[in-house]
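Peer 1: Chains A and B, in that order, are what the protein sequence lines are.
Just so we're aligned: 130 in numbering that gives the first Met the number 0 is position 131 of the first sequence, and the numbers increase by one with no gaps anywhere.
Just so we're aligned: 67 in numbering that gives the first Met the number 0 is position 68 of the second sequence, and the numbers increase by one with no gaps anywhere.
Please keep in mind that the hints were generated in silico from the structure rather than gathered at the bench.
Note that CB positions come from ideal geometry on N, CA and C, so glycine has one too.
Wrong hints could be hidden among the right ones.
Stated by the list, open to error - Chain A side only, calculated, beta carbon under 8 Å to chain B, not exhaustive:
1) 28
2) 141
3) 149
4) 150
5) 151
6) 152
7) 239
8) 240
9) 262
10) 273
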Amino acid sequence: MLNALMLRIGLALGVALGVATLVFLLLHLAPGDPVEAMLGESASAADRAALRTAMGLDAPLPTQWLGYVRGLLHGDLGLALGSQHPVSALILARLPQTALLAASALVLALALALPLGLRAALRPGGGWDRVTSTLAVLGMSLPSFVLGPLLMMAFAVWLGWLPVSGSDEAATLVLPALTLGLALAAPLARMVRVAVGETLREPFIVAAHARGLSGQRVLWRHALRNAALPVLTLVGMQLGALLGGAVVTEMVFGWAGIGQLVLEAIQRRDYPLVQGCVLTISLSYVAINLLTDVLYQVADPRVRAA
Amino acid sequence: MKRALRGGCIAVLLLWLACALGGRLLPLQPDAIDLTQVFAPPSAADWLGRDELGRSLAARVISGAGVSCGVGLAVTLVALLVGVSVGLAAALAGGLVDLLLTRLIDIFMAFPGILLAIALAGVLGPGLDNVVWALAAVSWVGFARLARAQTYAIKSRDHVLAARALGSGRTVLIGRHILPLIVAPLVVEASFVLAGAVVAEAGLSFLGLGVQAPAASWGNMIRQAMQFLLVAPHMLPGPCLALMSLVVCANVLGDGLRERWQLQGSQENKR
Chain A
0 MLNALMLRIG LALGVALGVA TLVFLLLHLA PGDPVEAMLG ESASAADRAA LRTAMGLDAP
60 LPTQWLGYVR GLLHGDLGLA LGSQHPVSAL ILARLPQTAL LAASALVLAL ALALPLGLRA
120 ALRPGGGWDR VTSTLAVLGM SLPSFVLGPL LMMAFAVWLG WLPVSGSDEA ATLVLPALTL
180 GLALAAPLAR MVRVAVGETL REPFIVAAHA RGLSGQRVLW RHALRNAALP VLTLVGMQLG
240 ALLGGAVVTE MVFGWAGIGQ LVLEAIQRRD YPLVQGCVLT ISLSYVAINL LTDVLYQVAD
300 PRVRAA
Chain B
0 MKRALRGGCI AVLLLWLACA LGGRLLPLQP DAIDLTQVFA PPSAADWLGR DELGRSLAAR
60 VISGAGVSCG VGLAVTLVAL LVGVSVGLAA ALAGGLVDLL LTRLIDIFMA FPGILLAIAL
120 AGVLGPGLDN VVWALAAVSW VGFARLARAQ TYAIKSRDHV LAARALGSGR TVLIGRHILP
180 LIVAPLVVEA SFVLAGAVVA EAGLSFLGLG VQAPAASWGN MIRQAMQFLL VAPHMLPGPC
240 LALMSLVVCA NVLGDGLRER WQLQGSQENK R
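Pulled out of the complex, with its shape left as it was, chain B reads as follows (with noise of 0.2 Å):
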């Protein structure tokens, strides 16, 4: 049951990376106008209807999983690698090092949900880089704390002792000896905040503060659905069902591998 939940998972992922990826093979127009099907409902030939100008929305649901994937991918590899670096820093550094960096770890966490990159978003201007510095600089804090306490658990272990008695130099140490013993949790983090930043992504698009029509965002289709509600509400459920469906495979996801890598102590927890 839980394995068939977990392929159905990984199958729907790798849908809408391929859509991502491969969307812009596929014979659609996601803007092209055609005004003479202004708000046409869905059918068999267009499964998701036509929006305001007549555009087929399952071509601006396809055209937007690159956004969503796109903005997703970046930000967790952004705030990857400036998170693992912090942490590091900070749990090999010790000292002073490390207290001036938890407290700016501290800082960044005070700020409520995405209440940051919202302000960020919007002092920055529009814009998909933009959207993808301002969330970044969210989710940095999340691998920053998680490296920082998994390095400072493994640093004083034998193995990593010996190899500085042998006179490794800093970049073995970290590359050979803790990166490798971390890098688990890491990825287990990594597949949260890569949910969280497609969720936020699409959040700021739909303030209007993320990606500019006409492109297409889930979020800003979310938008538009919004203020056609009365007239034509069957242009809510195609970007809300992408986004989910994302988000859920995504944390699934996140949950199993975290199952499986600390397999010992959820069977203790079981007992």
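With the rest of the complex left out, here is chain A (with noise of 0.2 Å):
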């Protein structure tokens, strides 16, 4: 078990710094010269000669990556253009506001999913399972700046029982996690549906219904362990997708977080800031994801024997 587990983290380190190479690229793939594009075309020749000495961006490619690799070990992702404060303070202040946002939306989905999820196997067929599925569809094919306008249209502006928007107040965090929960819940409910519909014709459950154990034990000792490891699989990966949208949502309500910083970075065409906004973001879900890689090692005796 040590070996794989050795073996994931191998492989999610490389997966980090190809991530951390692609993000150093992306600065180079600005139409023309970087510099020019970041100070404008009226900067004097002085202050381009001076930001290019200042990132580096005289010395070869292969030096740059090596330098930029450097840096992120040591947790240095430059300096931002204008305030010139390091790209890595300005994010961990925006940081704590996108983790609460993704938390409550994580945990409003599960809320939701689960039990949804849950009354539409055990009845395949049933009100609740047409009820589920129909709201699948709908909640992935809602995206955040559909469902955050219109539940801000709904609650904000006709009802009036919440702010527009802002991050000041408890109050404002609810239509911001709402819309990303309900987007996450969609996938979800679906999920459960069919794990726990498909655990629930394994040979093992029939076995333990015919020990005499009651429905309920069934249900809550021997299938809902099992049908959990698929659930938590793509609950790992769906984050990825709530960072992504988390993004978007932010911005429609105005939630300070890391979303908002990057994309008040590329209109300010602040390229360190953006960079480091994007491998901050995707550097949480690689961890993310090899979290629940080792998670699900630890929740199935099968995998742990592997």
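Two chains, two separate frames, one set of hints: put the complex together.
Peer 2: See below:
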């Protein structure tokens, strides 16, 4: 098991390095000279030369890359263009807001998806099953920039129950968390339904019933434990969509998280900050997936033995 | 019931395709500014009302269909070509090539959702062609994984080995003996990629990174509607419903195709 674990960690580190390289190359994808794009046409030649030297852009590409990776290992993401604040400090200041939003959305999604998917699985083809599958299709086809404004119109403008936007009071969390949570609940409910449904048809469930165990006990102790594994994997995978969706949702509701920071940085052509934000979000996703993998090994004795 | 649902979905998709292709032929003026009609609510003559410059929202939704369908199809096509080539190359070459290409796929998969597209579109600058490149850069991975896995399963089947023993060249091997067998799952994936690309284009335009005003896209229409939510809430439903209808229908059809082509599998599951 330890070997398998080391392999997973090694693979994840490799992917992380690849992600960092891609993010590093992002700067050089900008049409023309990145320095010109960042400073604009009116900048003086001296300013351009200064920035070029400061960012190390006059060195050959491999040297630049080494410098970038070395900086990353020290937690150094460079300096933001305008303010000259360290990028890492700017990101750390916004990270808790995004984490709060993502965590609330996840809790909400689980609270919705588990009971819905379970009810649907217990009576395939029944009313709850139809409700769940309709909601799942709708939820998957409703992007956050459609659902968000619609929720805002209903609850903030017409009913006036909740604030329209912002990120200073607790009530402002409700709508963005709902927007993100509903989008996540849709595929989750579907997966819970499939996973529980399939587990309930397994021979060991029949055997448990035959031994005279109560229906409740079979469901909770035998079926759910086994159905939890594919659901766990999906949660890990969907967290990526959640983090990506958070960028858009933060923009809709003016939620001052890292997603809003990346969009501000793009508008200001502050490429070091854009790189830092994209890297932070992607690496969190890599870390989350690694964590799900590890949890999977702990939870499933079959994987552990292999 | 299911058949009726799918028929309806095909009808809606055809309708949007007709709008995309023939929208220009209609006597509509998506850019005509009429300052006497600013924020005019929906009426019998103007089903969706007017926007902040008095432009007809219905005309803009119809002209936005062109952007959505065009970007969706272009992205799917580019991603399909790149993805299938990479997938085939990985599976057929095997060894080190396969290992490297698989790692490359893993790295692209490590960017959550449309974040990579947001960053790419942001760095490349606004514009329709940049949107297509940014979204294709995100979408090819799914095709590559699928093509690789399918080809792997097929490449040592008897008929491929026989063809190889008979001295068939690589082109014949791929074109006659492998591709026809992996086309079905690729088409299913394409329908989902298409739906995803339509959503992602609207998302980028919503963020101000895609189609720029005065051109109309459903995404930038939703963005404008958000700005005037308190004054003119009638601006919101039109582009939202248009986007939803296109995406729901593409997804339902994808599901339908999947069920149809893997009929045996789904029946076994029901038992």
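Peer 1: Take the hints in turn and mark each one as holding or not.
Peer 2: Hints, one by one, checked against the model:
1. Annotation: interface hint on residue 28 (chain A) holds; nearest CB of chain B at approximately 5 Å, less than 8 Å.
2. For residue 141 (chain A), the shortest C-beta to C-beta distance to chain B is roughly 6 Å, which falls under 8 Å, so the interface hint holds.
3. The interface hint given for residue 149 (chain A) holds, since its Cβ lies 7 Å from the closest Cβ of chain B, which is under the 8 Å cut-off.
4. Using the Cβ-Cβ criterion of 8 Å, the hint placing residue 150 (chain A) at the interface with chain B is not satisfied: the shortest such distance is roughly 11 Å.
5. Of the supplied interface hints, the one on residue 151 (chain A) holds, with its beta-carbon coming within about 7 Å of a beta-carbon of chain B, less than 8 Å.
6. Given the 8 Å rule on beta carbons, the hint for residue 152 (chain A) holds: about 6 Å separates it from the nearest Cβ of chain B.
7. For residue 239 (chain A), the shortest C-beta to C-beta distance to chain B is roughly 3 Å, which falls under 8 Å, so the interface hint holds.
8. Satisfaction of the interface hint for residue 240 (chain A) is found here, the shortest Cβ-Cβ separation to chain B being roughly 5 Å, below the 8 Å cut-off.
9. Interface restraint check: residue 262 (chain A) against chain B, minimum CB-CB distance 6 Å, threshold 8 Å, status holds.
10. About 6 Å separates the beta-carbon of residue 273 (chain A) from the nearest beta-carbon of chain B, less than 8 Å, and the hint is met.
Of the numbered hints stated above, the single one contradicted by the structure is hint 4.
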